[in-house]
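K.L.:
Please work from the sequences and hints to get the whole structure.
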Amino acid sequence: MIVASRAALGIAAFLLAVATVVVVGVGISLALDGQYLVSSLLAYAASIMSVASVIAGLAALALSRGRGWGVAAVVLGVLANPLVLTRVLGWASGS
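Taking our numbering, the leading residue of the sequence shown gets 1089, the next gets one more, and so forth.
Please keep in mind that the hints were generated in silico from the structure rather than gathered at the bench.
It is possible that some hints are incorrect.
Claimed, not checked - Just the calculated beta-carbon pair ranges, DEER-fashion:
(1) 1150 / 1125: 36 to 42 Å
(2) 1092 / 1180: 36 to 42 Å
(3) 1123 / 1094: 39 to 45 Å
(4) 1096 / 1120: 32 to 38 Å
(5) 1096 / 1178: 34 to 40 Å
(6) 1121 / 1152: 23 to 29 Å
(7) 1129 / 1167: 19 to 25 Å
(8) 1125 / 1174: 16 to 22 Å
Note that the Cβ used here is the ideal one computed from N, Cα and C, for glycine as well.
P.N.:
What follows is the structure, encoded as structure tokens:
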């Protein structure tokens, strides 16, 4: 019999947020290599993944199922979103 931890939802949300960071990194690397079609598809996937990790993190917070992990997932999911990342980097560069 498999017994799930109370923090499983928060941990899953956090792992999804970490996977989002990896997908964004791979997408940026491919874009710098000139593979724009694949990098665009990865950007769409990362956007969906980041929204899912934020929703799962908020659910973990609301249900007390790994609150610390849920907070980390929400923060990382928001920061790893390609749209947010583009705005933040544009602001930081002064343009």
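K.L.:
All the hints need checking, so say for each whether the structure fits it.
P.N.:
Outcome of the hint check:
no. : hint                    : result
1   : 1150 / 1125: 36 to 42 Å : 38 Å, holds
2   : 1092 / 1180: 36 to 42 Å : 40 Å, holds
3   : 1123 / 1094: 39 to 45 Å : 42 Å, holds
4   : 1096 / 1120: 32 to 38 Å : 36 Å, holds
5   : 1096 / 1178: 34 to 40 Å : 37 Å, holds
6   : 1121 / 1152: 23 to 29 Å : 44 Å, violated
7   : 1129 / 1167: 19 to 25 Å : 21 Å, holds
8   : 1125 / 1174: 16 to 22 Å : 18 Å, holds
In this structure, the one hint that does not hold is number 6.
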